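There are 4 protein chains.
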Amino acid sequence: MAGSSIGQQFKLTTFGESHGAAIGGVVDGVPSNIELDLNLIQLELDRRKPGQSAIVTQRKESDKVQFLSGIFEGKTTGAPIGFMIPNDDQRSGDYSHIKDSFRPSHADFTYETKYGHRDYRGGGRSSARETASRVVAGAIAKQILDKIGVSVIAYVDQVGAIKLTNEDEITISSIEENPVRCPNPEKATQMEELIREVRKDGDTIGGCIKCQITGVPIGLGEPVFDRLNADLGKAILSINAVKAVEFGSGFSSVEMRGSQHNDAFLRDGTTKTNHSGGIQGGISNGMPIDFRIAFKPVATIVQEQNSVDKFGNEVIVSGKGRHDPCVVPRAVPIVEAMSAIVLLDYYLRNKSTQI
Amino acid sequence: MAGSSIGQQFKLTTFGESHGAAIGGVVDGVPSNIELDLNLIQLELDRRKPGQSAIVTQRKESDKVQFLSGIFEGKTTGAPIGFMIPNDDQRSGDYSHIKDSFRPSHADFTYETKYGHRDYRGGGRSSARETASRVVAGAIAKQILDKIGVSVIAYVDQVGAIKLTNEDEITISSIEENPVRCPNPEKATQMEELIREVRKDGDTIGGCIKCQITGVPIGLGEPVFDRLNADLGKAILSINAVKAVEFGSGFSSVEMRGSQHNDAFLRDGTTKTNHSGGIQGGISNGMPIDFRIAFKPVATIVQEQNSVDKFGNEVIVSGKGRHDPCVVPRAVPIVEAMSAIVLLDYYLRNKSTQI
Amino acid sequence: MAGSSIGQQFKLTTFGESHGAAIGGVVDGVPSNIELDLNLIQLELDRRKPGQSAIVTQRKESDKVQFLSGIFEGKTTGAPIGFMIPNDDQRSGDYSHIKDSFRPSHADFTYETKYGHRDYRGGGRSSARETASRVVAGAIAKQILDKIGVSVIAYVDQVGAIKLTNEDEITISSIEENPVRCPNPEKATQMEELIREVRKDGDTIGGCIKCQITGVPIGLGEPVFDRLNADLGKAILSINAVKAVEFGSGFSSVEMRGSQHNDAFLRDGTTKTNHSGGIQGGISNGMPIDFRIAFKPVATIVQEQNSVDKFGNEVIVSGKGRHDPCVVPRAVPIVEAMSAIVLLDYYLRNKSTQI
Amino acid sequence: MAGSSIGQQFKLTTFGESHGAAIGGVVDGVPSNIELDLNLIQLELDRRKPGQSAIVTQRKESDKVQFLSGIFEGKTTGAPIGFMIPNDDQRSGDYSHIKDSFRPSHADFTYETKYGHRDYRGGGRSSARETASRVVAGAIAKQILDKIGVSVIAYVDQVGAIKLTNEDEITISSIEENPVRCPNPEKATQMEELIREVRKDGDTIGGCIKCQITGVPIGLGEPVFDRLNADLGKAILSINAVKAVEFGSGFSSVEMRGSQHNDAFLRDGTTKTNHSGGIQGGISNGMPIDFRIAFKPVATIVQEQNSVDKFGNEVIVSGKGRHDPCVVPRAVPIVEAMSAIVLLDYYLRNKSTQI
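Protein chains in written order, with my numbering: chain S, 1 to 355; chain Y, 1 to 355; chain B, 1 to 355; chain E, 1 to 355.
No lab work stands behind these hints, which were simulated from the structure alone. Treat the hints with care, as some may be off.
Stated by the list, open to error - DSBU-like mimics (lysine-lysine), calculated; alpha carbons at most 35 angstroms apart, straight line:
no., chain 1, residue 1, chain 2, residue 2
1, S, Lys99, B, Lys60
2, B, Lys210, E, Lys272
3, E, Lys60, E, Lys75
4, E, Lys147, Y, Lys310
5, B, Lys310, E, Lys272
6, E, Lys272, E, Lys64
7, Y, Lys75, B, Lys272
8, Y, Lys210, Y, Lys64
9, E, Lys351, B, Lys99
10, B, Lys320, B, Lys200
11, E, Lys60, S, Lys351
12, B, Lys64, S, Lys75
For clarity, every value in this text was computed on a predicted model and none was experimentally measured.
Extracted from the complex, chain S is given alone in its bound form (with noise of 0.2 angstroms):
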């Protein structure tokens, strides 16, 4: 396998599945010197906790992290943070029902295939619970990119066919007032209500995120294959259920011509539009950096759902109801993860630039 690792300079390695003892992971890397604040690290975590509102998946976990190594005195030292978060709501009986039977549109199926067996309990590896590692790491990289003023926020702007539009007002203080992050609470109410009928329908419905980063140097990305938007788009990619990621302009950018789409500089180096998306020739320009991203609806359902065992048989298999009706809100925190561990990886890359 050896695919358990992201980043070069600032890497993240993680383990663990949602029914062993303990998921974790290695943050290496780690610039010395460097106060961190763990009460930070654990609100991030809880952001993407089950059970923190209705709208959410109800399983207890508690998800306290624990901090192994690489602090010192409360700064980072420069050697590895290992971290772990137990599993304590483990109820691997919850499971068995689904032992010999793959579940629709879940990585039963290509697990089984491909290693020859698989710890069925709950999905092993492929369980969204291992994002809670991620969420930590971001968290580290959260705090280290505050120190030189690169900011990154996500929020929730697509439920099902409820979408935020250039009409509605977007304030970005307000995405944490509302369990579904929606910046525009009118919105955010729709997009809740949609979630509650979805889910008492024992279906699930899918969504999109943006996320904006801001106060990004120029100068970040590498030409060619390390392109800045090149790996913001396999982190994000590497999320749980995303189908589709696009860049400043996306995919409206193909109806637009060269004259309407480019961006126009000012004196300042700046843009008057930003169609880029903040990165040029795969390299920061300094504009702000914004993608939005597809989360299609999850596949654990409720409702009953014809399927195959690995014995060839037809089976029915369900949900047993305390999965998440629409991932979005809790994926907010994910995809600040993901954004915040490329970004610091590639402001440390960049220092080798000049001798």
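Add chains Y, B and E to chain S, keeping to what the hints say.
Just chains Y, B and E, lined up with the frame of chain S:
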């Protein structure tokens, strides 16, 4: 920088600017003992070549690849394949007018700021010419994939507002029969007309490419960060002018419910629908892998544009007329190349799953 | 830093300082479906453990490893194996006397200068305690290698001036029968006496370890940079206190002529002599791989030493008596571990040589 | 294979066999805006070139390097530097006699077994000719290191039994004044005589090279696996014919006591002795880094040798007389090159230690 390589087991490293002596690359990790048809590789390059039709740039570049190593008696030796493509149409004089100016939505400004100076002739490393090296490596990968039954095919799906719909009949074998590389002759004609019109205006237009990979063994891709879709996405987003990528149902999944979106299994492990786009939990499930890519309109336009130079003066810049009015026809082989490189890399990586 | 990982397909990442909460690591790229005997892993740790005999440090560390992920129903799942070893004998008070002082030939000075501050308790990350994590990963690798017929055995070959010669009979099975881990009982007794004597003087002494790997398939190792000997050498040189490594004939080859040194082939592809040490052109040739490693005398001595502190003052430092008088007896399992990690990594990498 | 790259921030990828069209490479991660003297690079190549004196191989290879990219108006652009060295003395006919035979202590057998076939002309990728590409990259690294005050110097310290002792006066500036590259004229003469005598016998002889790196900033190297000595060791062990490497006190440390071996600090952070060889805990401490390298006698000898072919037949093989009787004189610039590559890579990596 050190960002000029892609892949782990099958790895491409490229070098070269549009106006240096040559561009080229090294393909490392090539499995040994495989017969390569070098003419087929040149044919792929010809599909990307300037001047191939009336609707692409009329620059004269012969784009003849020379192989320098790694092939002996017609077969790969397992050693790295070094290759180069001489730059025979350098005409550096063309670029003196933009020596100090920043062209809108080009990488001039970000390169200048990041590196302190830049090869202003033709965009240096940010030139799309670099992608010729990718096509060479991709053509090698395609021949190897062919031996294991994997096929990678891309085509133009949209130019401006003209797009293929579900009603449009598609004939894969017709892709190369029109200069747009659209598999529907009627739509191809409309697209071609639009491109001619846009060029007459001294302008450019965006477009979309669809890519489909068939015959993929089950099990390619690693959980967590190195998901097959994540690295395909990175590879695609590393192509010039790409603004977005969506897998399977993509952005349309957002408005769907889980009960609609889930791909029901058949007894043989295939699925009735393929909203997943052939990848489940980051791992290929044996169904066709498909994704769709948005290309913005080319930034270089013949029309005059206001801009600034590196001294902060306002200047006027304009393209010199040998640029593509629409990038997608020539981007088709590039998309195929990047996809083939990633697929083969993951095929080889997957061989280590069992001892 | 980001230097806490080793391996490509089989990859170990470690974390932890001697006086933090725990040390541990993540082993990624473990082939799936392999039965692991967790007791055997603990037994390897016990071979490295302080207090195991009268001639090693008498620190009390239970070194009990806890596995957190990657193993299900007794078999590897292919997912990363996370593990931790709690630090149960932290006694941080012991180290306050060296808080600001630089111990001669320790990493105090280099860490302080590089990172701006350091965890002064027990050397932080430079502590040999970190190698316990390597032994865990190595023990996993050894079990997997065992299934493909590869065996890794190391032993003490020299302590101070007492060394095994060609006349000394060696019984591999006797290695664990004496506390020095020397396969010749007579020499072992002499070595043990020397170590006791050195300790009585409040001093330390160097030593050599030999390692032999048998049953290696032909073809492991990559030409050019990733030669099997090059990465074995790196892995060995990354162990604390190692000053040198020689493969096969090593330094003695310098005085030989080609006609003496060349290993003549037998008809079955084996060779009459093995001056090459089992590696030819960076690739295993099927003969036993052997190398010899020099360990300097441990830097921490009970005797008082003149030194300086970080303010430039002259100070006197002395060890507190719980350190190893000679590192080689406890280093034997570490050498085996690092060797096994590299071998398995290259075994897995080699699987991509053919499609 | 995918083992043809070395370095992380400053990265060299090589390609090419001795009898293909050309050898060459790509140097990625070159800091921008640095003036390069291309003549100095060619001069380094000339130090490695065949035919440079009477005691080395008399093959005719002009070894003229051509730079293809990454340099603009005399300065590095930050883009990868691609380069090639045409093979102008291919004489493939010379090698037909060994097409199916395995030369003793060559890589013929391991390549044939690993890859299924091989370029038998001159050893293919295992040819020492590949090291010319390393010298090019090393010469670039040396020029950059020079700007930050780091100097890398190697010389021949031993040929056969003739070795420099502590009594021998050494004049670094005299290294290039004799064909052996030994900094003591008397010993140089003896060595030269020995080499001539060995050649007359149709035989070869081993030797040692010492390398010293001065002006190294404190703090280069990462704890744990990526120790500066570990990666220097790997780079050195990746050179053809190297059998051993020792840092600082090396094998002689084994017989020393800690009280003798420890390097006492002076008030300015330097040390009285330098048994550590300039590296402490894997990190440079500002003292000169020094190491010593053993090269075996060249495997190709003019004398007839018994061997086998790939069909299991007994055959007789013999060299054709254009090989080096002793490798160390020409290996001096290779050792410097590999050392410079590693040093610069770690210098650049270290820039990420602080934000």
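Discussion item. Check whether the Cα positions of Y:Lys210 and Y:Lys64 lie no farther apart than 35 angstroms.
Written reply: Between Y:Lys210 and Y:Lys64 the Cα gap is close to 27 angstroms, so the pair holds against 35 angstroms.
Worksheet item: Is the Cα-Cα distance between E:Lys147 and Y:Lys310 35 angstroms or less?
Response: holds, 28 angstroms
Worksheet item: E:Lys60 and E:Lys75: Cα distance at most 35 angstroms?
Response: Answer holds: E:Lys60 to E:Lys75 is near 32 angstroms, not above 35 angstroms.
Worksheet item: Are the Cα positions of B:Lys64 and S:Lys75 separated by 35 angstroms at most?
Response: Distance ~28 angstroms between B:Lys64 and S:Lys75 Cα, so the pair holds.
Worksheet item: Quick one, are B:Lys310 and E:Lys272 close enough, alpha carbons at most 35 angstroms?
Response: The hint holds at about 17 angstroms.
Item to complete: Quickly compare the C-alpha distance for S:Lys99 and B:Lys60 to 35 angstroms and report which way the hint goes.
Response: Violated, at about 44 angstroms.
Worksheet item: Can the restraint linking E:Lys272 and E:Lys64 be considered satisfied, given a maximum Cα separation of 35 angstroms?
Response: Measuring from Cα to Cα gives roughly 45 angstroms; hence the hint is violated.
Worksheet entry | 35 angstroms Cα cutoff - pair B:Lys210, E:Lys272 | holds, 32 angstroms
Discussion item. Would the hint linking Y:Lys75 and B:Lys272 be met if the CA-CA limit is 35 angstroms?
Written reply: The given pair, whose Cα atoms are some 33 angstroms apart, holds under the 35 angstroms limit.
Worksheet item: Quick one, are E:Lys60 and S:Lys351 close enough, alpha carbons at most 35 angstroms?
Response: At roughly 43 angstroms apart (the allowed maximum being 35 angstroms), S:Lys351 and E:Lys60 break the hint.
Worksheet item: Given the hinted pair E:Lys351 and B:Lys99, is their alpha-carbon gap at most 35 angstroms?
Response: Distance of about 26 angstroms is within 35 angstroms: holds.
Discussion item. Next pair to validate is B:Lys320 with B:Lys200; report whether the Cα-Cα distance is within 35 angstroms.
Written reply: Judged against 35 angstroms, a Cα distance of about 13 angstroms means the pair holds.
Of the numbered hints listed earlier, those contradicted by the structure are 1, 6, 11.
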